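Each residue of the sequence shown is one higher than the one before, counting from 21 in this note's numbering.
Hints listed in this document are in silico derivations from the structure and should not be mistaken for laboratory results. Small disclaimer: the values here were computed from a predicted structure and weren't measured. Heads up, some of the hints might be wrong.
Cross-link-like lysine-lysine pairs, in silico, DSS-like; alpha carbons within 30 Å at most [what the hints assert, rightly or not]: (1) K248 - K202; (2) K270 - K217; (3) K189 - K201; (4) K217 - K203.
Per label pair, the in silico range of CB-to-CB distance [said to hold, decoys possible]: (5) R199 - M225: 45 to 53 Å; (6) Q238 - Q124: 28 to 36 Å; (7) E241 - Y127: 42 to 50 Å.
The beta carbon of each residue, even a glycine, is placed where N, CA and C say it ideally should be.
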Amino acid sequence: MPPLVGNGHGSPVYTTNIMSPGVTLSSAPASVGTTMWPTTSGISTDLASTLSPNNLQARRGAVSAENVLVDSLVDRYDEVNQNVASMELQCEQLTRQIALAARQGPYTARPIMDLLNKLQPALEASKGLRDKLLIAMIIQSDDIMASVRPLRLSELGDVPQVPLISHRKCLQLSIEINRHKKKLVELNQQISDMLTKSYAVTSSMENSLIQSASAEIQMHERNIMRLKKARNVEFVRIVQFSNNIREALKHTFQQTIEAQRHQQQLQQFQPF
(Lines of atoms letter the chains of each structure in order from A and count residues from 1; the text may use other names and numbers.)
(Lines give C-alpha, C1' and ligand atoms only; values in the text may rest on other atoms or scores of the structure.)
Protein backbone atom coordinates (compact mmCIF):
# COMPACT_ATOMS: atom_id res chain seq x y z
CA MET A 1 0.00 0.00 0.00
CA PRO A 2 1.44 3.39 -0.94
CA PRO A 3 2.36 5.62 2.01
CA LEU A 4 0.16 8.55 2.93
CA VAL A 5 1.55 12.03 3.35
CA GLY A 6 0.05 15.46 3.85
CA ASN A 7 -0.08 18.05 1.10
CA GLY A 8 -0.40 21.14 3.26
CA HIS A 9 -4.03 21.66 2.27
CA GLY A 10 -5.70 19.16 4.57
CA SER A 11 -6.09 16.51 1.85
CA PRO A 12 -4.25 13.21 1.54
CA VAL A 13 -1.66 12.58 -1.12
CA TYR A 14 -0.68 9.01 -1.89
CA THR A 15 2.84 8.42 -3.07
CA THR A 16 4.49 5.69 -5.04
CA ASN A 17 8.24 5.27 -5.29
CA ILE A 18 9.02 5.67 -8.98
CA MET A 19 12.49 7.09 -8.70
CA SER A 20 15.62 6.06 -6.89
CA PRO A 21 15.34 4.52 -3.40
CA GLY A 22 14.28 7.08 -0.82
CA VAL A 23 12.71 9.41 -3.39
CA THR A 24 8.95 9.38 -3.81
CA LEU A 25 6.61 11.15 -6.16
CA SER A 26 2.95 11.79 -5.57
CA SER A 27 0.62 9.88 -7.85
CA ALA A 28 -2.66 11.30 -6.56
CA PRO A 29 -4.67 13.38 -9.03
CA ALA A 30 -4.29 17.09 -8.50
CA SER A 31 -7.98 17.77 -8.79
CA VAL A 32 -10.90 15.92 -10.30
CA GLY A 33 -13.72 18.13 -9.10
CA THR A 34 -17.07 16.88 -10.43
CA THR A 35 -15.77 15.70 -13.79
CA MET A 36 -15.25 12.15 -14.93
CA TRP A 37 -14.13 10.27 -18.01
CA PRO A 38 -17.02 9.87 -20.46
CA THR A 39 -18.25 6.29 -20.82
CA THR A 40 -17.45 6.54 -24.53
CA SER A 41 -13.87 7.50 -23.75
CA GLY A 42 -11.22 5.47 -25.47
CA ILE A 43 -9.26 5.29 -22.22
CA SER A 44 -11.78 2.60 -21.13
CA THR A 45 -15.00 2.56 -19.17
CA ASP A 46 -13.11 1.06 -16.21
CA LEU A 47 -11.12 4.26 -15.88
CA ALA A 48 -14.29 6.28 -16.40
CA SER A 49 -15.74 4.74 -13.25
CA THR A 50 -12.36 4.98 -11.55
CA LEU A 51 -12.39 8.76 -11.91
CA SER A 52 -15.93 9.14 -10.65
CA PRO A 53 -16.20 11.89 -8.01
CA ASN A 54 -17.63 9.20 -5.73
CA ASN A 55 -14.26 7.45 -5.79
CA LEU A 56 -11.72 10.27 -5.70
CA GLN A 57 -11.70 13.22 -3.34
CA ALA A 58 -11.18 16.60 -4.97
CA ARG A 59 -8.31 18.72 -3.74
CA ARG A 60 -9.56 22.24 -4.26
CA GLY A 61 -7.60 25.37 -3.52
CA ALA A 62 -4.28 23.69 -4.26
CA VAL A 63 -3.49 25.40 -7.56
CA SER A 64 -0.20 26.80 -6.34
CA ALA A 65 0.86 23.49 -4.80
CA GLU A 66 -0.16 21.71 -8.00
CA ASN A 67 1.92 24.05 -10.14
CA VAL A 68 4.99 23.55 -7.96
CA LEU A 69 4.61 19.78 -8.04
CA VAL A 70 3.93 19.63 -11.78
CA ASP A 71 6.92 21.87 -12.50
CA SER A 72 9.10 19.66 -10.31
CA LEU A 73 7.94 16.52 -12.10
CA VAL A 74 8.46 18.14 -15.50
CA ASP A 75 11.99 19.14 -14.51
CA ARG A 76 12.76 15.55 -13.53
CA TYR A 77 11.10 14.28 -16.71
CA ASP A 78 13.21 16.70 -18.76
CA GLU A 79 16.38 15.45 -17.12
CA VAL A 80 15.57 11.81 -17.86
CA ASN A 81 14.25 12.66 -21.32
CA GLN A 82 17.57 14.36 -22.12
CA ASN A 83 19.43 11.22 -21.02
CA VAL A 84 17.16 9.05 -23.17
CA ALA A 85 17.68 11.29 -26.21
CA SER A 86 21.45 11.15 -25.74
CA MET A 87 21.46 7.36 -25.45
CA GLU A 88 19.15 7.01 -28.45
CA LEU A 89 21.57 9.11 -30.47
CA GLN A 90 24.47 6.92 -29.33
CA CYS A 91 22.53 3.79 -30.33
CA GLU A 92 21.81 5.23 -33.76
CA GLN A 93 25.47 6.12 -34.24
CA LEU A 94 26.63 2.67 -33.12
CA THR A 95 24.13 1.00 -35.43
CA ARG A 96 25.49 2.94 -38.39
CA GLN A 97 29.04 2.07 -37.36
CA ILE A 98 28.12 -1.62 -37.18
CA ALA A 99 26.71 -1.51 -40.70
CA LEU A 100 29.92 0.06 -42.00
CA ALA A 101 32.21 -2.25 -40.03
CA ALA A 102 30.35 -5.36 -41.19
CA ARG A 103 31.43 -4.63 -44.75
CA GLN A 104 35.06 -5.01 -43.71
CA GLY A 105 34.60 -8.48 -42.23
CA PRO A 106 32.31 -10.61 -40.05
CA TYR A 107 34.27 -9.96 -36.83
CA THR A 108 35.10 -6.29 -37.31
CA ALA A 109 31.75 -5.12 -35.93
CA ARG A 110 31.85 -7.29 -32.79
CA PRO A 111 33.36 -4.67 -30.40
CA ILE A 112 30.82 -2.10 -31.55
CA MET A 113 27.98 -4.59 -31.10
CA ASP A 114 29.17 -5.23 -27.55
CA LEU A 115 28.97 -1.51 -26.81
CA LEU A 116 25.46 -1.36 -28.25
CA ASN A 117 24.34 -4.38 -26.23
CA LYS A 118 25.61 -2.75 -23.02
CA LEU A 119 23.89 0.55 -23.81
CA GLN A 120 20.44 -0.82 -24.65
CA PRO A 121 19.49 -2.06 -21.13
CA ALA A 122 20.36 1.36 -19.68
CA LEU A 123 18.29 3.00 -22.41
CA GLU A 124 15.26 0.81 -21.66
CA ALA A 125 15.56 1.49 -17.92
CA SER A 126 15.66 5.24 -18.55
CA LYS A 127 12.64 5.00 -20.83
CA GLY A 128 10.76 3.19 -18.08
CA LEU A 129 11.59 5.89 -15.55
CA ARG A 130 10.62 8.58 -18.05
CA ASP A 131 7.22 6.93 -18.55
CA LYS A 132 6.61 6.80 -14.79
CA LEU A 133 7.53 10.45 -14.38
CA LEU A 134 5.31 11.37 -17.32
CA ILE A 135 2.34 9.52 -15.83
CA ALA A 136 2.85 11.07 -12.38
CA MET A 137 3.03 14.52 -13.96
CA ILE A 138 -0.06 13.99 -16.14
CA ILE A 139 -2.12 12.83 -13.16
CA GLN A 140 -1.10 15.92 -11.18
CA SER A 141 -1.86 18.37 -14.00
CA ASP A 142 -5.47 19.55 -14.30
CA ASP A 143 -4.73 21.12 -17.69
CA ILE A 144 -3.33 17.94 -19.24
CA MET A 145 -6.00 15.72 -17.69
CA ALA A 146 -8.67 18.03 -19.09
CA SER A 147 -7.31 17.22 -22.56
CA VAL A 148 -6.77 13.51 -21.92
CA ARG A 149 -10.25 12.77 -20.55
CA PRO A 150 -12.20 13.56 -23.77
CA LEU A 151 -10.07 11.23 -25.94
CA ARG A 152 -12.30 8.83 -27.84
CA LEU A 153 -11.63 5.27 -28.96
CA SER A 154 -11.50 6.34 -32.61
CA GLU A 155 -8.73 8.84 -31.76
CA LEU A 156 -6.45 6.34 -30.03
CA GLY A 157 -3.65 4.24 -31.44
CA ASP A 158 -0.43 2.46 -30.61
CA VAL A 159 2.18 3.99 -32.90
CA PRO A 160 5.69 3.95 -31.33
CA GLN A 161 7.01 6.57 -33.75
CA VAL A 162 4.58 9.20 -32.43
CA PRO A 163 5.69 9.09 -28.75
CA LEU A 164 9.31 9.01 -29.92
CA ILE A 165 8.86 12.23 -31.87
CA SER A 166 6.70 13.83 -29.17
CA HIS A 167 9.26 13.14 -26.43
CA ARG A 168 11.91 14.84 -28.57
CA LYS A 169 9.61 17.78 -29.25
CA CYS A 170 8.99 18.08 -25.50
CA LEU A 171 12.74 18.23 -24.96
CA GLN A 172 13.16 21.08 -27.43
CA LEU A 173 10.17 22.96 -26.03
CA SER A 174 11.53 22.61 -22.49
CA ILE A 175 14.88 24.00 -23.64
CA GLU A 176 13.07 27.05 -25.05
CA ILE A 177 10.98 27.43 -21.89
CA ASN A 178 14.07 27.32 -19.69
CA ARG A 179 15.74 29.94 -21.88
CA HIS A 180 12.80 32.30 -21.26
CA LYS A 181 12.81 31.45 -17.54
CA LYS A 182 16.49 32.31 -17.32
CA LYS A 183 15.79 35.66 -18.95
CA LEU A 184 12.98 36.28 -16.46
CA VAL A 185 15.38 35.72 -13.57
CA GLU A 186 17.86 38.17 -15.09
CA LEU A 187 15.21 40.85 -15.67
CA ASN A 188 13.78 40.53 -12.17
CA GLN A 189 17.29 40.77 -10.75
CA GLN A 190 17.89 43.93 -12.80
CA ILE A 191 14.79 45.55 -11.34
CA SER A 192 15.73 44.44 -7.84
CA ASP A 193 19.27 45.82 -8.18
CA MET A 194 17.97 49.06 -9.61
CA LEU A 195 15.57 49.63 -6.73
CA THR A 196 18.15 48.58 -4.13
CA LYS A 197 20.64 51.16 -5.36
CA SER A 198 18.04 53.92 -5.56
CA TYR A 199 18.03 56.04 -2.39
CA ALA A 200 15.73 58.76 -3.60
CA VAL A 201 12.46 58.90 -5.49
CA THR A 202 12.74 56.88 -8.70
CA SER A 203 14.04 59.08 -11.50
CA SER A 204 12.42 59.29 -14.91
CA MET A 205 15.29 57.28 -16.38
CA GLU A 206 14.94 54.56 -13.76
CA ASN A 207 11.20 54.54 -14.28
CA SER A 208 11.72 54.10 -18.01
CA LEU A 209 14.14 51.23 -17.45
CA ILE A 210 11.75 49.54 -15.03
CA GLN A 211 8.86 49.90 -17.47
CA SER A 212 11.00 48.46 -20.25
CA ALA A 213 12.08 45.51 -18.11
CA SER A 214 8.47 44.93 -17.07
CA ALA A 215 7.37 44.80 -20.70
CA GLU A 216 10.11 42.26 -21.43
CA ILE A 217 9.04 40.18 -18.44
CA GLN A 218 5.46 40.08 -19.70
CA MET A 219 6.68 39.07 -23.16
CA HIS A 220 8.74 36.19 -21.77
CA GLU A 221 5.85 35.07 -19.56
CA ARG A 222 3.55 34.95 -22.59
CA ASN A 223 6.11 32.92 -24.49
CA ILE A 224 6.45 30.50 -21.59
CA MET A 225 2.68 30.01 -21.48
CA ARG A 226 2.56 29.45 -25.25
CA LEU A 227 5.40 26.93 -25.15
CA LYS A 228 3.92 25.09 -22.16
CA LYS A 229 0.62 24.71 -24.03
CA ALA A 230 2.51 23.33 -27.03
CA ARG A 231 4.35 20.91 -24.75
CA ASN A 232 1.07 19.81 -23.15
CA VAL A 233 -0.21 18.98 -26.63
CA GLU A 234 2.75 16.63 -27.04
CA PHE A 235 2.12 15.06 -23.62
CA VAL A 236 -1.48 14.34 -24.63
CA ARG A 237 -0.31 12.97 -27.98
CA ILE A 238 1.96 10.50 -26.16
CA VAL A 239 -1.07 9.20 -24.23
CA GLN A 240 -3.12 9.13 -27.41
CA PHE A 241 -0.64 6.97 -29.33
CA SER A 242 0.84 4.73 -26.61
CA ASN A 243 -1.19 1.83 -25.28
CA ASN A 244 1.42 1.17 -22.58
CA ILE A 245 1.08 4.72 -21.24
CA ARG A 246 -2.71 4.49 -21.22
CA GLU A 247 -2.67 1.17 -19.36
CA ALA A 248 -0.12 2.47 -16.85
CA LEU A 249 -2.22 5.60 -16.35
CA LYS A 250 -5.28 3.49 -15.57
CA HIS A 251 -3.28 1.24 -13.24
CA THR A 252 -1.89 4.23 -11.32
CA PHE A 253 -5.39 5.64 -10.80
CA GLN A 254 -6.62 2.29 -9.54
CA GLN A 255 -3.75 2.11 -7.05
CA THR A 256 -4.61 5.61 -5.85
CA ILE A 257 -8.25 4.68 -5.31
CA GLU A 258 -7.35 1.57 -3.34
CA ALA A 259 -5.04 3.60 -1.10
CA GLN A 260 -7.68 6.29 -0.63
CA ARG A 261 -10.38 3.78 0.29
CA HIS A 262 -8.03 2.13 2.76
CA GLN A 263 -7.36 5.49 4.40
CA GLN A 264 -11.10 6.23 4.58
CA GLN A 265 -11.69 2.90 6.31
CA LEU A 266 -8.97 3.67 8.86
CA GLN A 267 -10.49 7.10 9.57
CA GLN A 268 -13.89 5.52 10.29
CA PHE A 269 -12.40 3.60 13.21
CA GLN A 270 -10.30 6.43 14.61
CA PRO A 271 -11.66 8.13 17.77
CA PHE A 272 -12.51 11.81 17.50
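A quick look at each hint next to the structure:
| no. | hint | in the structure |
| --- | --- | --- |
| 1 | K248 - K202 | holds (15 Å) |
| 2 | K270 - K217 | violated (55 Å) |
| 3 | K189 - K201 | holds (18 Å) |
| 4 | K217 - K203 | holds (21 Å) |
| 5 | R199 - M225: 45 to 53 Å | violated (29 Å) |
| 6 | Q238 - Q124: 28 to 36 Å | violated (60 Å) |
| 7 | E241 - Y127: 42 to 50 Å | violated (59 Å) |
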